[in-house]
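As given, the protein sequences belong to chains A and B, one line each in that order. Under this note's numbering, think of the first position of the first sequence as 15, with each following residue one higher. Under this note's numbering, think of the first position of the second sequence as 34, with each following residue one higher.
The hints are simulated quantities; they were obtained by calculation from the structure and are not laboratory data. Beta carbons are placed, not taken as given, at the ideal position from N, Cα and C, and that holds for glycine. Heads up, a few of these hints could be off.
Restraint ranges, calculated between C-beta atoms of paired labels, are given here [unchecked claim]:
{"hint": "1", "chain 1": "B", "residue 1": "Val101", "chain 2": "A", "residue 2": "Arg85", "range": "28 to 38 Å"}
{"hint": "2", "chain 1": "A", "residue 1": "Tyr120", "chain 2": "B", "residue 2": "Lys162", "range": "27 to 37 Å"}
{"hint": "3", "chain 1": "A", "residue 1": "Asn83", "chain 2": "B", "residue 2": "Ile106", "range": "32 to 42 Å"}
{"hint": "4", "chain 1": "B", "residue 1": "Lys162", "chain 2": "A", "residue 2": "Pro106", "range": "53 to 63 Å"}
{"hint": "5", "chain 1": "A", "residue 1": "Ile463", "chain 2": "B", "residue 2": "Pro254", "range": "40 to 50 Å"}
{"hint": "6", "chain 1": "A", "residue 1": "Asp467", "chain 2": "B", "residue 2": "Pro254", "range": "32 to 42 Å"}
{"hint": "7", "chain 1": "B", "residue 1": "Leu131", "chain 2": "A", "residue 2": "Arg138", "range": "34 to 44 Å"}
{"hint": "8", "chain 1": "A", "residue 1": "Glu293", "chain 2": "B", "residue 2": "Ile106", "range": "43 to 53 Å"}
{"hint": "9", "chain 1": "B", "residue 1": "Leu130", "chain 2": "A", "residue 2": "Pro106", "range": "48 to 58 Å"}
{"hint": "10", "chain 1": "B", "residue 1": "Val101", "chain 2": "A", "residue 2": "Glu324", "range": "21 to 31 Å"}
{"hint": "11", "chain 1": "B", "residue 1": "Leu130", "chain 2": "A", "residue 2": "Arg87", "range": "34 to 44 Å"}
{"hint": "12", "chain 1": "A", "residue 1": "Arg138", "chain 2": "B", "residue 2": "Val138", "range": "48 to 58 Å"}
To spell it out: a stretch of chain B is covered by chain A in this simulated footprint if at least three of its residues, at any positions, have a beta carbon under 8 Å from a beta carbon of chain A; those stretches are [claimed, not checked]:
{"hint": "13", "segment": "43-53"}
{"hint": "14", "segment": "120-132"}
{"hint": "15", "segment": "146-160"}
{"hint": "16", "segment": "190-197"}
{"hint": "17", "segment": "252-260"}
Residues from chain A shown here face chain B by an in silico Cβ test under 8 Å; the list is partial [what the hints assert, rightly or not]:
{"hint": "18", "residue": "Leu96"}
{"hint": "19", "residue": "Lys97"}
{"hint": "20", "residue": "Phe103"}
{"hint": "21", "residue": "Ser105"}
{"hint": "22", "residue": "Ile143"}
{"hint": "23", "residue": "Gly145"}
{"hint": "24", "residue": "Asp147"}
{"hint": "25", "residue": "Lys149"}
{"hint": "26", "residue": "Pro208"}
{"hint": "27", "residue": "Ile212"}
{"hint": "28", "residue": "Ala216"}
{"hint": "29", "residue": "Glu217"}
{"hint": "30", "residue": "Arg229"}
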Amino acid sequence: MRVMAQMSMVMNLDKCIGCHTCSVTCKQAWTNRSGTEYVWFNNVETRPGQGYPRTYEDQERWQGGWTLNRRGRLQLKAGSRLKNLATIFSSPKMPSIQDYYEPWTYDYEILTTAPLQEHTPVARPKSLISGKDMKITWSANWDDDLGGSEHLSADPVLAKVSDKVKLAYEQTFMFYLPRICEHCLNPACAASCPSGAIYKRAEDGIVLVDQDKCRGWRKCVTGCPYKKVYFNHKTGKAEKCTFCFPRVEVGLPTVCAETCVGRLRYIGLMLYDADAVLEAASVTTDHELLESQRGVFLDPFDPSVIREAERAGIPRDWIDAAQRSPVWALINTYKVALPLHPEYRTMPMVWYIPPLSPVVDVVQETGEDAEAAGNLFAAIDTLRIPVEYLAELFTSGDTAPVTAVLKKLAAMRSYMRDINMGRDGDPSIPAAVGMTTREMESMFRLLAIAKYDERYVIPSAHAEQAHNLEELATECSLDYEGGPGMGGSGPFGEGSGTGTPLAVESFRTLKERQTSDTATDLNEPGARVNLLNWDGRGTPPGLFPGPGDPPDHGEPASGAHGTEPKP
Amino acid sequence: MTTSLDIVLWVVIPYVCLVVFIGGHAWRYTYDKFGWTTRSSQLYESRLLRWGSPLFHFGILAVFAGHVMGLAIPKSWTDAVGISETAYHVMAVGIGLLAGLATLVGMTLLIYRRRTTGPVFSATTRMDKAMYLVLATVIMLGLWNTVGSSLLSLSGEYNYREGVSVWFRGIFTFQLHPELMAAAPLSFQAHGMAAMAIFALWPFTRLVHVFSAPLFYLWRPYVVYRAKSDRFGARAARPGWDRSERTRR
Numbered sequence: 015m016r017v018m019a020q021m022s023m024v025m026n027l028d029k030c031i032g033c034h035t036c037s038v039t040c041k042q043a044w045t046n047r048s049g050t051e052y053v054w055f056n057n058v059e060t061r062p063g064q065g066y067p068r069t070y071e072d073q074e075r076w077q078g079g080w081t082l083n084r085r086g087r088l089q090l091k092a093g094s095r096l097k098n099l100a101t102i103f104s105s106p107k108m109p110s111i112q113d114y115y116e117p118w119t120y121d122y123e124i125l126t127t128a129p130l131q132e133h134t135p136v137a138r139p140k141s142l143i144s145g146k147d148m149k150i151t152w153s154a155n156w157d158d159d160l161g162g163s164e165h166l167s168a169d170p171v172l173a174k175v176s177d178k179v180k181l182a183y184e185q186t187f188m189f190y191l192p193r194i195c196e197h198c199l200n201p202a203c204a205a206s207c208p209s210g211a212i213y214k215r216a217e218d219g220i221v222l223v224d225q226d227k228c229r230g231w232r233k234c235v236t237g238c239p240y241k242k243v244y245f246n247h248k249t250g251k252a253e254k255c256t257f258c259f260p261r262v263e264v265g266l267p268t269v270c271a272e273t274c275v276g277r278l279r280y281i282g283l284m285l286y287d288a289d290a291v292l293e294a295a296s297v298t299t300d301h302e303l304l305e306s307q308r309g310v311f312l313d314p315f316d317p318s319v320i321r322e323a324e325r326a327g328i329p330r331d332w333i334d335a336a337q338r339s340p341v342w343a344l345i346n347t348y349k350v351a352l353p354l355h356p357e358y359r360t361m362p363m364v365w366y367i368p369p370l371s372p373v374v375d376v377v378q379e380t381g382e383d384a385e386a387a388g389n390l391f392a393a394i395d396t397l398r399i400p401v402e403y404l405a406e407l408f409t410s411g412d413t414a415p416v417t418a419v420l421k422k423l424a425a426m427r428s429y430m431r432d433i434n435m436g437r438d439g440d441p442s443i444p445a446a447v448g449m450t451t452r453e454m455e456s457m458f459r460l461l462a463i464a465k466y467d468e469r470y471v472i473p474s475a476h477a478e479q480a481h482n483l484e485e486l487a488t489e490c491s492l493d494y495e496g497g498p499g500m501g502g503s504g505p506f507g508e509g510s511g512t513g514t515p516l517a518v519e520s521f522r523t524l525k526e527r528q529t530s531d532t533a534t535d536l537n538e539p540g541a542r543v544n545l546l547n548w549d550g551r552g553t554p555p556g557l558f559p560g561p562g563d564p565p566d567h568g569e570p571a572s573g574a575h576g577t578e579p580k581p
Numbered sequence: 034m035t036t037s038l039d040i041v042l043w044v045v046i047p048y049v050c051l052v053v054f055i056g057g058h059a060w061r062y063t064y065d066k067f068g069w070t071t072r073s074s075q076l077y078e079s080r081l082l083r084w085g086s087p088l089f090h091f092g093i094l095a096v097f098a099g100h101v102m103g104l105a106i107p108k109s110w111t112d113a114v115g116i117s118e119t120a121y122h123v124m125a126v127g128i129g130l131l132a133g134l135a136t137l138v139g140m141t142l143l144i145y146r147r148r149t150t151g152p153v154f155s156a157t158t159r160m161d162k163a164m165y166l167v168l169a170t171v172i173m174l175g176l177w178n179t180v181g182s183s184l185l186s187l188s189g190e191y192n193y194r195e196g197v198s199v200w201f202r203g204i205f206t207f208q209l210h211p212e213l214m215a216a217a218p219l220s221f222q223a224h225g226m227a228a229m230a231i232f233a234l235w236p237f238t239r240l241v242h243v244f245s246a247p248l249f250y251l252w253r254p255y256v257v258y259r260a261k262s263d264r265f266g267a268r269a270a271r272p273g274w275d276r277s278e279r280t281r282r
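Please put together the full structure from these sequences, using the hints given.
Now the structure itself:
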């Protein structure tokens, strides 16, 4: 047994309202740079729909992930290592910019510089690829909310579900699927990388691209079946979701999770047996993959696991965090979370609680009581198509685990309704799905109350490491033209030259500010206001120097208290 | 009779280029690992690239192998294993022509693509343009040497294995023969000069990706794990701050 810790996430799809806040904040934090205009480390897809990039789930076309070869051994679907190298000069299965979308901006300048004329000037869309005028025809979420439209026919998942019921199904439901990098236990992107630049951090399992080692061979883009590794066309390097490692290292949740309006994301540790991963990913039938991946996870309460974890150098507070991990609870204790496309055999580590709401909606439309356990159970069984569709997403087509999860969610819904209405809970409802009333109530607390500290159980990297980790190499998000990151163009093309530090403000300071009751303690003598950190709360002393304040004086800036901002 | 011009052209310049080539790579690798990439433009355009790039790359690899055969391996060695001059000649011209043509066609496609596809052209740096110019010159002169000199014998019989090759090996063994290059046909001299220019440019262009050929991929484990090397921080301690106890039990 080789115990490793994995930082992982669960998303509760019932709560996703498709607002794209996660995508926007992620983009602001990580990919608002030249070369990554088309890149969304986090995107939200309307399902059924084509996804981003279009039809990425069609692995017969894109050849992502793993497959079993003739001898039953795990091999990249794109081919052997030799084939991978032989096709290096022109990667044959790489999506083009049109499969993502051509990014654009608007010619806003014309609005102010246009001469006086009869008609109002118009800011035309300009391609960020060619710089020319363009017609906008697609984007990362062009089929947003169009669950039943013409774009639907291209959904590869839908194509697998039987054809005859498609029409009836189209009228029934739609839901949102937020996606980030899966930080897989068996990452196909890392396995495809000829340079060995993509690596999995041994401490927390986060998959990162070493920007200094990446040579732009583009094989990772093909290798990742989720198409979550992107090619920065300006720097010629691969980039991907970093699980916001500078934040996670100091115990803050990722930007997408922190800003999630629906509070649907859960972050926590999973302990797993690294030696068992390959075998688990090599099981013969796709339906076994869910159980085999569950089998790789280790019970953090098991004394032998704890002993092995300590032997593997996992700190004690990390084991504690693994025990309190909401991800462990949702995947293992309540068994309501399911992996996305386990059939890709990458052992993904961002899991999903499938949505019950489509079923509830249908029951509601019939005029029946949509909260009654019996009605919901019956509806889950009869609504074959939504369940089949969800099964194609989360269990490689096996409907039984999806049905089991939906029944648990339905049971929780009607059991808790009784309690919330002041009635006694009916213990037969949890019993019908194999749970005790106590379990049901604690699951309700985790899923519905979803306190911040219970959703995010993130042990910080050890203090002695954290500061150094912050400055590890990736790119600075302020590194735009003329920006404070001051990257610009080196002599050998865009982005060449030595790296700029990642962190402008210290993430540790950020955490202190976010978790303290008052403004950051600036009352210390000689304390300075860092305007990058100033959150607008109050007027910290030192924000405006007093009239008689000597510039370099060590005493508290008492004179500053009375100073008001001047217009 | 070697003139001082010959010495400058065929002794001084080769060594200058060699120093720039080696020193330039060392410098670039030290200070610009982030810029060390193929700078692929496949995301913009892949229809022409699908043909042009493999043609060019496989062609140039074969051309390189041919140059190793012709320049690095002395004639006496091939004679010793019993390869006759005619057999060698036929093989060299045949394979050289095929590889050279593949390279030329591939390069033409790639340059055409670069010029005509808007996004690809705007992603082209000045260094790229200079590099393409010199590289195209080298390739065309080389092909001319194969066709015009070796195949059609336009400039009389010239056996480069007794001329250019000896001079080339001499650069590395310090047995200098500038007179051999001075006596070579003009097209060979030009090819050599252009080649030296490309070697001097090499470390400052995207050609550096040649030295990242990821052959190690064939042997390494699929998934790479990386741990922080030192539990007490990834960086070396600053001077004067070394821990007194290096290993803990």
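Consistency of the hints with the structure:
1. For valine 101(B) paired with arginine 85(A), a C-beta distance near 37 Å keeps the hint of 28 to 38 Å intact.
2. Here the CB-CB span from tyrosine 120(A) to lysine 162(B) is close to 31 Å, well matched to the stated 27 to 37 Å.
3. Evaluation of the 32 to 42 Å hint for asparagine 83(A) and isoleucine 106(B) yields a pass: the beta carbon distance comes to about 40 Å.
4. Taking the beta carbon of each, lysine 162(B) and proline 106(A) are about 28 Å apart, not inside 53 to 63 Å as hinted.
5. At roughly 44 Å, the beta carbons of isoleucine 463(A) and proline 254(B) sit within the given window of 40 to 50 Å.
6. The beta-carbon spacing between aspartate 467(A) and proline 254(B), approximately 38 Å, falls within the hinted interval of 32 to 42 Å.
7. The beta-carbon spacing between leucine 131(B) and arginine 138(A), approximately 50 Å, falls outside the hinted interval of 34 to 44 Å.
8. For glutamate 293(A) and isoleucine 106(B), the Cβ-Cβ distance of about 49 Å falls inside the hinted range of 43 to 53 Å, so the restraint holds.
9. A C-beta distance of roughly 28 Å is found between leucine 130(B) and proline 106(A), which places it outside the suggested range of 48 to 58 Å.
10. Checked against the hint of 21 to 31 Å, the C-beta distance between valine 101(B) and glutamate 324(A) comes to roughly 55 Å, which is inconsistent with it.
11. Leucine 130(B) and arginine 87(A) have their C-beta atoms about 43 Å apart, which keeps the hinted 34 to 44 Å range intact.
12. Distance hint check: the CB atoms of arginine 138(A) and valine 138(B) are about 40 Å apart, inconsistent with the given range 48 to 58 Å.
13. Judged by the Cβ-Cβ criterion of 8 Å, the segment 43-53 of chain B is not covered by chain A as claimed, because only 0 of its residues qualify and three are needed.
14. Note: the segment 120-132 of chain B has 0 residues with beta-carbon separation from chain A under 8 Å; the three-residue rule is not met and the coverage is violated.
15. Only when three residues or more bring their CB closer than 8 Å to a CB of chain A does the claim for the segment 146-160 of chain B stand; here the count is 6, and the claim holds.
16. Proximity of the segment 190-197 of chain B to chain A, defined as three or more residues with a beta carbon under 8 Å from a beta carbon of that chain, is not established by the 0 residues found.
17. Only residues whose C-beta sits within less than 8 Å of a C-beta in chain A count toward coverage, and the segment 252-260 of chain B has 7 of them, enough to reach three; the restraint holds.
18. Evaluation of the leucine 96(A) hint against chain B yields a held restraint, the C-beta minimum of about 7 Å falling below 8 Å.
19. For lysine 97(A), the interface hint is violated, since its Cβ never comes within 8 Å of a Cβ in chain B; the closest pair sits about 11 Å apart.
20. For phenylalanine 103(A), the interface hint holds, the least distance from its beta-carbon to any beta-carbon of chain B being 4 Å, beneath 8 Å.
21. For serine 105(A), the interface hint holds, the least distance from its beta-carbon to any beta-carbon of chain B being 6 Å, beneath 8 Å.
22. Given hint, isoleucine 143(A) at the interface with chain B, holds; its Cβ is 5 Å from that chain's nearest Cβ, closer than 8 Å.
23. Interface restraint check: glycine 145(A) against chain B, minimum CB-CB distance 7 Å, threshold 8 Å, status holds.
24. Taking 8 Å as the C-beta contact cut-off toward chain B, the hint placing aspartate 147(A) at the interface is violated, the least distance being around 12 Å.
25. Checking lysine 149(A) against chain B by beta carbon gives a least distance of about 15 Å; that is not within 8 Å, so the hint is violated.
26. Interface restraint check for proline 208(A): the shortest CB-CB distance to chain B comes to about 3 Å, inside 8 Å, so the restraint holds.
27. Interface hint status for isoleucine 212(A): upheld, as the beta-carbon distance to the closest one in chain B is roughly 7 Å, under 8 Å.
28. A cut of 8 Å between beta carbons decides the hint on alanine 216(A): the least distance to chain B is about 4 Å, and the hint holds.
29. At a threshold of 8 Å, the smallest CB-CB gap from glutamate 217(A) to chain B is about 7 Å, leaving the interface hint in force.
30. Given the 8 Å rule on beta carbons, the hint for arginine 229(A) holds: about 4 Å separates it from the nearest Cβ of chain B.
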